[in-house]
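Kindly generate the complete structure, drawing on both the sequences and the hints.
Residue numbers (this note's numbering): 64 to 180.
Fair warning: there could be bad hints in the mix.
[What the hints assert, rightly or not] Below, a list of computed lysine-lysine pairs in the DSS-like style, where the Cα atoms sit at most 27 Å apart:
no. : residue 1 : residue 2
1   : 156       : 175
2   : 175       : 142
3   : 156       : 142
4   : 103       : 175
5   : 103       : 142
For the record, the hints were derived by calculation from the structure and aren't laboratory data. Since this is a predicted model, take the numbers as computed values, not measurements.
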Amino acid sequence: ILNFASLSLCFFSYQAQAIREAGLSFVSAPVSGVNSFTAKDFFTHETSIAAAEARGPVLAHCATGYRSIVYLLAYLGRKHGLCLSWAITEGMKAGFRLEERQEDSRAINFLKEMLNC
64 ILNFASLSLC FFSYQAQAIR EAGLSFVSAP VSGVNSFTAK DFFTHETSIA AAEARGPVLA
124 HCATGYRSIV YLLAYLGRKH GLCLSWAITE GMKAGFRLEE RQEDSRAINF LKEMLNC
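As structure tokens, then:
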């Protein structure tokens, strides 16, 4: 389980404990809102994302799924040399239209920077 939720969420420690007691791995990579769509924050969490992936299938989440999808698209796109059009298409397949809300411009700019396309 890869958790992108903010550490300020009250269920965080309970959730981590319950996941570990169920025999699953828990990786925390807290991202605090759309203002965390920065190269610095991405590179802070890139190792955690890779470590989670190395353990096997990954279930990633945050409060809404938005930060998770954006960070995972950046990670997978970088890993496989993919571009922004791929990220937007994959985001839509997952139910996220990354071109509708005001904060989407931050996500798009972040993905452009991370994917270098």
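These are the hints, each one checked on the structure:
no.	hint	result
1	156 - 175	holds, 19 Å
2	175 - 142	holds, 14 Å
3	156 - 142	holds, 19 Å
4	103 - 175	holds, 14 Å
5	103 - 142	holds, 17 Å
Checked against the numbered hints given earlier, this structure breaks none of them.
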